[in-house]
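Chains as they are written, first to last, in the working numbering: chain A, 3 to 371; chain D, 3 to 371; chain P, 3 to 371; chain W, 3 to 371.
Don't read these hints as lab results, they were simulated from the structure. Small disclaimer: the values here were computed from a predicted structure and weren't measured. Mixed in with the good hints there might be a few duds.
Below 30 Å or equal to it, Euclidean Cα-Cα: the simulated DSS-like pairs (lysine-lysine) are [stated by the list, open to error]:
| id | chain 1 | residue 1 | chain 2 | residue 2 |
| --- | --- | --- | --- | --- |
| 1 | A | Lys126 | A | Lys27 |
| 2 | P | Lys296 | P | Lys138 |
| 3 | W | Lys286 | D | Lys41 |
| 4 | A | Lys262 | D | Lys209 |
| 5 | A | Lys27 | P | Lys296 |
Negatives, chain D to chain A, calculated, CB over 12 Å [claimed, not checked]:
| id | residue |
| --- | --- |
| 6 | Pro26 |
| 7 | Ser37 |
| 8 | Pro76 |
| 9 | Gly91 |
| 10 | Leu169 |
| 11 | Gly189 |
| 12 | Met226 |
| 13 | Gly248 |
| 14 | Arg283 |
| 15 | Phe291 |
| 16 | Glu360 |
| 17 | Asp361 |
| 18 | Asp365 |
For every residue, glycine included, the Cβ atom is placed at its ideal position computed from N, Cα and C.
Residues per chain, in single letters:
There are 4 protein chains.
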Amino acid sequence: MIAGVIGAAGYAGAEIVRILSRHPKVDSLLASSTSYEGKPVSEIYPNFIDCVDTILENSEALIANSGIVFGALPHGVGEVFAAKCFERGIPYIDMSADFRFDDDEETYKAWYGKTYQFPELHKKSVYGLPELNRGKIQAAGNKSVIIGNPGCYPTAASLAAFPALALGLYGGGTIIIDAASGITGGGREPMRAYHFPECSDSMSPYKVGAHRHTPEISRNFSFMEKVNPKARPLIFTPHLAPMNRGILSTIYIPLSDEWKCEAAAAQPRPPSAEIQEKTARIRKLYADFYQREKFVRVLPEGILPATGRVRLSNFCDIAVQIDQNGANLIVISAIDNMVKGAAGQAVQNMNIIFGFEEDCGLDTVPAMF
Amino acid sequence: MIAGVIGAAGYAGAEIVRILSRHPKVDSLLASSTSYEGKPVSEIYPNFIDCVDTILENSEALIANSGIVFGALPHGVGEVFAAKCFERGIPYIDMSADFRFDDDEETYKAWYGKTYQFPELHKKSVYGLPELNRGKIQAAGNKSVIIGNPGCYPTAASLAAFPALALGLYGGGTIIIDAASGITGGGREPMRAYHFPECSDSMSPYKVGAHRHTPEISRNFSFMEKVNPKARPLIFTPHLAPMNRGILSTIYIPLSDEWKCEAAAAQPRPPSAEIQEKTARIRKLYADFYQREKFVRVLPEGILPATGRVRLSNFCDIAVQIDQNGANLIVISAIDNMVKGAAGQAVQNMNIIFGFEEDCGLDTVPAMF
Amino acid sequence: MIAGVIGAAGYAGAEIVRILSRHPKVDSLLASSTSYEGKPVSEIYPNFIDCVDTILENSEALIANSGIVFGALPHGVGEVFAAKCFERGIPYIDMSADFRFDDDEETYKAWYGKTYQFPELHKKSVYGLPELNRGKIQAAGNKSVIIGNPGCYPTAASLAAFPALALGLYGGGTIIIDAASGITGGGREPMRAYHFPECSDSMSPYKVGAHRHTPEISRNFSFMEKVNPKARPLIFTPHLAPMNRGILSTIYIPLSDEWKCEAAAAQPRPPSAEIQEKTARIRKLYADFYQREKFVRVLPEGILPATGRVRLSNFCDIAVQIDQNGANLIVISAIDNMVKGAAGQAVQNMNIIFGFEEDCGLDTVPAMF
Amino acid sequence: MIAGVIGAAGYAGAEIVRILSRHPKVDSLLASSTSYEGKPVSEIYPNFIDCVDTILENSEALIANSGIVFGALPHGVGEVFAAKCFERGIPYIDMSADFRFDDDEETYKAWYGKTYQFPELHKKSVYGLPELNRGKIQAAGNKSVIIGNPGCYPTAASLAAFPALALGLYGGGTIIIDAASGITGGGREPMRAYHFPECSDSMSPYKVGAHRHTPEISRNFSFMEKVNPKARPLIFTPHLAPMNRGILSTIYIPLSDEWKCEAAAAQPRPPSAEIQEKTARIRKLYADFYQREKFVRVLPEGILPATGRVRLSNFCDIAVQIDQNGANLIVISAIDNMVKGAAGQAVQNMNIIFGFEEDCGLDTVPAMF
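Using the sequences plus the hints, can you model the full thing?
In structure tokens:
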């Protein structure tokens with residue numbers, strides 16, 4: 003198969019190139035970049051020297067010669083490529099937010115400030131979170147399909163919350179997602195916030211109460227929620243952590259009455275036996291829920307997620323714990339924002355579309371450092 | 003004045019030594035360490051060469067010759083020194099958790115697994131958070147007093163939440179504190195979790211739903227809370243971030259009806275005008291609340307706390323934002339865990355006890371990197 | 003094939019396990035550890051969960067069932083395993099310094115303070131730097147052979163210097179190797195020097211003029227040196243850099259008269275045209291020298307090595323530049339100390355011994371971050 | 003006194019502001035910036051909030067009202083300010099390279115590509131390395147003087163080499179300086195090379211054999227060199243290390259016959275008794291040489307410089323060791339590139355000019371992390 007990556011000079015695009023260059027089913031790899039057309043991709047990314055010899059070409063030519071196209075472009079500029087791929091009858095996997103909201107153009111517009119150019123395409127697109135939508139992605143088959151590849155934070159948050167929402171652990175009320183991302187999440191363009199001396203050895207929040215991934219997370223939760231699918235209040239606070247890769251997501255989910263534990267009378271006390279016992283049951287429910295998922299690891303008791311342990315892999319690691327008050331479930335998830343949070347998940351979607359093994363080209367053992 | 007530091011080989015002790023060595027009111031500095039008795043402190047910390055020439059001595063001699071003593075010791079071993087200082091009529095500032103719970107021995111025992119050796123001392127001790135307890139610390143005067151110096155996380159969380167609790171912004175319900183600490187918080191002893199390759203370039207939670215600072219935070223909140231001082235459910239989740247210094251604390255406080263804003267009908271929307279207007283009013287309330295505090299900076303609109311901006315200073319930076327649902331106040335605070343979270347606050351307490359300017363020896367301009 | 007790793011709980015051992023677990027020719031993977039016998043390796047390294055299900059067993063059993071054995075043990079304890087493998091007629095690849103000095107026991111003893119237990123084995127062992135010794139490693143064939151896997155610094159330094167020494171660029175005199183290593187080079191055991199707050203955001207030298215890799219580098223140089231193979235004065239200074247992986251080696255090689263350039267009359271001047279032209283010729287010579295080597299990349303003009311660009315790969319990146327005086331060649335090399343500097347090179351040796359493609363299981367595209 | 007800082011929005015300028023804001027002799031602090039005129043400096047550097055309330059003004063007004071002016075500007079644009087200050091009869095301390103070459107305009111032009119606008123000023127300017135030029139700086143007195151504040155690398159290298167050059171330890175031949183700098187050395191403007199994901203967790207050289215600090219180092223050495231002051235071949239290789247502050251400089255100086263030690267016959271051996279004894283003597287010579295210098299610390303045996311141990315201080319830490327061949331002296335120095343390598347040294351020069359204590363405002367105890 004010939005795979006094409008539009009926007010290969012950006013971090014997400016280059017990461018797709020890195021993964022596809024060793025994908026057993028990809029015979030040939032095309033890549034394009036407006037800024038660097040005509041140059042070898044290894045000139046932009048010298049780590050690719052002797053590994054990837056692709057020359058950056060024109061997007062038109064790329065689409066004409068590819069069997070699948072990945073669009074790693076800023077929000078609002080990829081629809082035209084999606085349209086061309088759709089016309090040619092080949093899958094288009096979009097890395098921007100453009101196809102993450104189906105036909106809810108209003109929400110997209112409210113957060114991204116743009117309207118749909120090709121509204122009809124959005125009715126046919128599929129939100130590419132395999133653990134939620136595998137059926138729809140598969141159904142698309144080897145034919146024309148547009149995948150809205152999920153955002154990094156929404157991937158980490160959704161996988162962490164889905165079992166709680168789907169299995170009735172959630173009792174209603176505000177779900178809080180507190181997350182920290184590595185600096186690659188900010189992309190390749192040098193900006194003051196990502197200038198080493200400004201962000202190294204420091205931790206800070208950003209876009210508090212106003213991050214664009216909030217509506218995407220909310221949508222995802224609504225697909226799972228049994229209690230009250232209409233109202234799903236959630237708060238999402240992103241932080242910047244001084245590391246390259248990774249998202250660590252800590253989520254607070256109010257428990258349903260069935261799962262609540264008795265709290266200590268007045269002052270806080272270490273977790274009670276009831277709390278630990280119900281936590282163990284929830285861990286088991288989570289493990290069962292994801293039993294057939296290759297890329298979700300529900301960690302055994304005593305091990306908590308660390309972004310350093312999913313480095314360069316497509317894994318999402320998850321741990322659960324009822325808080326010492328007995329009223330909330332704390333779920334923690336860790337992903338590599340560039341892999342499961344972007345390029346890896348895109349390749350996972352490609353694998354599903356073409357009926358390859360889902361971990362084909364993605365069976366990396368996470369590097370421990 | 004002669005100041006003595008017991009346990010000067012540990013990070014907190016050495017940081018007190020660093021600050022006191024340039025304190026205008028400290029004429030002489032004594033230090034002790036069981037492990038390194040007889041050695042110059044600059045042999046343990048070569049950064050002190052030509053700056054601090056103190057020889058580590060015996061704790062007994064140190065207490066006999068000091069006008070104030072700082073105990074930077076593990077939990078459960080400092081009471082005996084507190085007792086000796088009390089007897090000698092000199093202040094003792096305890097850096098461990100031993101004197102943070104007054105006479106609530108039960109809570110102390112539940113979390114620290116130890117009982118009080120000298121129960122009567124705990125009735126006389128003062129919890130040394132100046133922004134909460136300045137009166138009591140002052141009242142102690144230049145005489146005998148035992149200060150329980152606050153924990154690092156409780157300092158960051160309490161300063162962030164106090165105005166909301168005191169001014170009726172809080173409407174009841176669970177308060178969630180999600181915090182990240184630099185690795186110095188783990189102390190000087192090499193351990194696998196703090197081994198560079200294990201924690202560098204990675205982010206992870208620890209002691210989820212079970213950290214010892216939970217009851218201390220809860221106590222602090224109860225002093226401020228107007229709504230329902232008996233029941234104060236809170237969740238505290240600490241994380242380890244790959245940086246040396248700093249605590250970044252993100253706190254979710256359910257708003258009282260008066261402060262709630264109307265939420266978007268169905269899907270999340272960017273913050274409404276009402277949200278932004280009420281956020282501005284709350285920011286003003288926070289600024290007023292802390293107007294006379296030298297070490298609390300309520301940041302202007304558009305600036306969010308970053309641990310890198312309080313580095314090496316005694317400041318606590320705070321920002322507020324109502325979330326896009328309009329139902330919760332998000333408060334973010336940043337401190338240097340080794341300064342305002344430990345050694346700096348201890349020196350601030352000393353300044354108050356002796357009637358020095360509160361920022362004497364602590365007027366460091368934070369290094370920007 | 004069944005491969006066994008003795009000492010799999012250490013960093014080097016675990017890295018071999020990580021690589022072998024995805025090696026196309028390795029059917030089964032055995033691992034042993036004295037400290038953790040009976041436990042799954044994924045309990046020690048949770049990044050291995052769902053990826054590597056090996057249970058740590060006894061070294062005896064491991065040797066009995068393996069077709070090749072890797073010994074990732076401290077210096078001086080692996081000879082007995084080497085002897086057993088030799089007896090069984092299977093290859094043994096030793097990661098310690100024990101088999102890096104052939105029969106020069108005196109040098110080994112001078113630096114490592116130990117004598118040989120099985121002197122005859124050392125006569126038969128091969129120093130496993132494929133770019134130097136491929137013939138001898140191959141000759142060993144699929145039979146019994148003991149490989150002394152090179153040290154990390156010697157690998158980086160030797161590959162950088164070999165062409166200069168072999169092609170007559172070196173004119174005699176002291177060769178200086180100034181190198182910096184990531185902290186994984188210090189191994190898995192927590193020590194103060196590698197405690198995050200002690201080494202993060204700091205740079206320092208260690209073992210100045212006295213590092214054990216000095217004689218190993220000297221030996222390697224002597225195999226190549228044409229000028230004066232008896233006297234090969236060299237200085238090697240290692241540094242610790244605040245990063246996980248990587249060795250950056252900067253080497254100063256006095257040029258032979260043929261290659262010297264005319265210097266600026268008095269004060270230094272930017273590189274002359276002659277310097278740049280001869281540098282280009284040397285670059286070409288280097289590229290030709292390593293043309294058939296899969297793992298050495300002589301970088302094109304304008305690109306300098308960075309450890310971040312060989313991350314997790316078996317590559318050694320090299321650049322050359324004549325200094326502005328025209329009298330010395332500066333050669334810079336970058337490797338991943340855990341891969342080409344340890345585990346990857348060991349697997350490369352295995353591939354050569356068994357006649358596999360040399361990059362089998364090692365064709366990783368370096369991650370750009 | 004009123005001090006003014008032109009170019010206060012850059013890192014060097016802001017660091018001068020940070021130091022001067024707590025300087026006991028500075029009554030008032032003015033600052034200017036072309037880009038941010040009219041804004042409070044604390045808007046550019048929020049760490050300054052509540053600490054430094056200076057409003058960025060116009061350079062003309064600043065010069066008119068200051069008793070001393072610091073110019074923290076790019077090369078080639080500060081001469082005009084120097085001229086104005088000279089005319090007004092107030093000291094001007096220039097942080098660029100413009101006044102580091104006295105009347106050697108040819109060298110300046112060769113490396114910086116610019117000519118002198120006011121050649122006569124350069125005859126009157128003084129190179130502001132106090133440990134070399136204190137007399138001349140003092141002689142300038144409280145009157146008009148232009149100081150060329152040294153570069154960061156030249157400061158670290160010169161202080162390390164001076165005693166060897168001045169005391170006859172150096173025997174002629176090439177001196178090699180291998181140095182690594184933290185990323186603040188690259189300034190405040192975001193650039194790809196300093197974008198966190200590009201430089202974090204990586205080590206790389208830059209401008210190999212062609213860095214502009216080479217001629218400055220060469221000049222400094224020539225002032226000290228006894229052997230052959232005309233020819234002073236040196237090589238300087240700068241590297242970028244993933245840390246905020248600090249320069250670690252490792253220097254290789256060929257020893258004079260008097261100081262050479264007998265080398266091991268053939269293969270390298272650990273340092274001989276003679277080497278260790280002569281090293282101890284040289285350490286003593288170094289300590290004596292710098293005995294009266296407040297900011298140079300010759301470290302005791304067994305302690306090597308680390309940039310983390312001079313953090314935020316004006317210290318230069320130095321250690322010496324003869325290499326195991328006995329023919330070269332290895333000198334290692336560590337400074338904080340932003341303090342002794344820039345802003346701190348500038349303030350030290352101010353102190354000397356005005357006859358203040360030389361460590362006035364600079365007696366910071368280095369933070370250990």
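Taking the hints in turn, this is what the structure says about them:
1. This hinted pair checks out: Lys126/A and Lys27/A have alpha carbons roughly 26 Å apart, not beyond 30 Å.
2. Our distance criterion of 30 Å between C-alpha atoms is met by Lys296/P and Lys138/P, whose separation comes to about 18 Å.
3. For the proposed pair Lys286/W and Lys41/D, the alpha carbon gap of about 22 Å is at most 30 Å, so the pair holds.
4. Proximity of Lys262/A to Lys209/D is assessed by CA-CA distance (about 20 Å); at most 30 Å being required, the pair is judged to hold.
5. Distance hint between Lys27/A and Lys296/P is fulfilled; the C-alpha atoms sit about 23 Å from each other, no more than 30 Å.
6. Chain A leaves Pro26/D outside its interface by the beta-carbon criterion, the shortest separation being 29 Å against a cut-off of 12 Å.
7. At roughly 29 Å, the least C-beta separation between Ser37/D and chain A is larger than 12 Å, which holds for a residue marked as non-interface.
8. Distance check for Pro76/D against chain A: the nearest CB is about 19 Å away, which clears 12 Å, and the non-interface claim stands.
9. Taking the minimum C-beta to C-beta distance to chain A, about 33 Å, the non-interface status of Gly91/D holds against the 12 Å cut.
10. Every CB of chain A is more than 12 Å from the CB of Leu169/D (nearest about 20 Å), matching its label as outside the interface.
11. With a least CB separation of 18 Å from chain A, Gly189/D remains clear of the 12 Å interface cut-off, as annotated.
12. A cut-off of 12 Å between C-beta atoms confirms that Met226/D is not in contact with chain A; the least separation is 16 Å.
13. Distance check on Gly248/D: its Cβ comes as close as 6 Å (rounded) to a Cβ of chain A, failing to clear the 12 Å threshold; non-interface status is violated.
14. Annotated as non-interface, Arg283/D keeps its C-beta farther than 12 Å from every C-beta of chain A; the closest such distance is 15 Å.
15. A cut-off of 12 Å between C-beta atoms confirms that Phe291/D is not in contact with chain A; the least separation is 20 Å.
16. With a least CB separation of 26 Å from chain A, Glu360/D remains clear of the 12 Å interface cut-off, as annotated.
17. The non-interface label for Asp361/D is consistent with chain A: the shortest C-beta to C-beta separation is roughly 23 Å, beyond 12 Å.
18. At the 12 Å boundary, the C-beta of Asp365/D stays outside the reach of chain A, the nearest C-beta of that chain being 22 Å off.
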